[in-house]
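The primary structure of each chain is shown beneath.
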Amino acid sequence: KAGVTQTPRYLIKTRGQQVTLSCSPISGHRSVSWYQQTPGQGLQFLFEYFSETQRNKGNFPGRFSGRQFSNSRSEMNVSTLELGDSALYLCASSSLAGGPETQYFGPGTRLLVL
Amino acid sequence: AQTVTQSQPEMSVQEAETVTLSCTYDTSESDYYLFWYKQPPSRQMILVIRQEAYKQQNATENRFSVNFQKAAKSFSLKISDSQLGDAAMYFCAYRTGNQFYFGTGTSLTVIP
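Going down the list, the protein sequences come from chains X and Z.
Counted from 1, the first sequence has number 110 at position 66 by my numbering; the numbering is strictly sequential.
Counted from 1, the second sequence has number 160 at position 56 by my numbering; the numbering is strictly sequential.
Derived by calculation from the structure, the hints in this document are not laboratory data.
The C-beta atom is built at its ideal place from N, Cα and C for all residues, glycine as well.
Check the hints yourself; a few may be wrong.
Listed next, with one range per pair, are the computed distances between beta-carbon atoms [what the hints assert, rightly or not]: (1) Z/160 to X/123: 44 to 50 Å; (2) Z/174 to X/61: 25 to 31 Å; (3) Z/173 to X/123: 40 to 46 Å.
Hey, can you work out the whole structure from these sequences and the hints?
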C-alpha cells in the first residue's frame with residue numbers, strides 16, 4: 045500500500061497570508077490527524093477527522109481549521125499566518141479513530157512564514 | 105491536564121549496547137494507550153512499540169521493549185543490541201479517547 049502523502053513538502057509564505065496543506069491517507073484509512081512540530085514545543089495535536097467529521101481538536105486558535113473529504117483526503121488551512129506558525133506539519137492516518145490504532149505518519153509539510 | 109515528559113533531551117549509546125529512554129506521563133484516566141515513535145533525521149515518523157494500559161505484561165518488539173509501571177506513570181523504552189540505524193529522535197506518546205499527547209523527544213546517537 046502507498047503510504048501517507050502530504051503536499052506540498054515545502055512552503056514559504058509571508059505574514060498575513062493563508063495556506064492550505066493537503067494529506068492523502070493510506071488507502072482504507074478513515075481517520076486523519078494533524079500535528080504541528082516545532083523545536084520548542086515538540087509535537088502538538090491539532091485535530092482529528094474521521095468519516096468527514098472532526099472528532100477532536102487541540103488547543104490551537106481558530107485560524108487553524110481543517111476538513112475531510114468523502115475519499116478521506118484531508119486539508120488543513122491556516123489563515124492570517126504569523127511568524128510562529130513556521131513549523132513542520134505532520135499528517136497521520138489510521139483505520140479507526142481513538143484506541144490503540146497505529147497512526148502512520150506522512151513526511152510532513154515544512155512551512156516557513158516570513 | 106495530561107502531559108508527557110521525556111527528561112532526557114539527548115542520549116548516546118555504543119553500538120551493540122543497551123540504552124533506556126525515560127518517559128513519564130500524568131493522567132487521571134484509567135483507560136489509555138502508550139506509544140514510542142521514532143523519527144530518523146529527515147525521515148518519516150514510525151511506530152516502534154505500543155502498550156495498552158490495561159495490560160500488565162510489558163510489550164516487546166524484537167530489540168525494543170518497554171518497562172510499563174502504571175502506578176508510577178512511567179513508560180521507558182529499552183533498546184537492546186543498539187544499531188546505527190537506531191539513531192533518531194524518539195517520542196513517547198499517550199492517547200486517551202481522541203486526544204494524543206507527545207513528549208518533547210529524546211535524540212539518540214549511536215556511536216560506532
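- Message: Against the range 40 to 46 Å, how does the distance between the Cβ atoms of residue 173 of chain Z and residue 123 of chain X compare: consistent or not?
- Response: holds (44 Å)
- Is the hinted range of 44 to 50 Å satisfied by the C-beta distance from residue 160 of chain Z to residue 123 of chain X? holds (47 Å)
- Starting from the hint 25 to 31 Å, judge whether the C-beta atoms of residue 174 of chain Z and residue 61 of chain X obey it. violated (47 Å)
Going down the numbered hints, you'll see the structure goes against just number 2.
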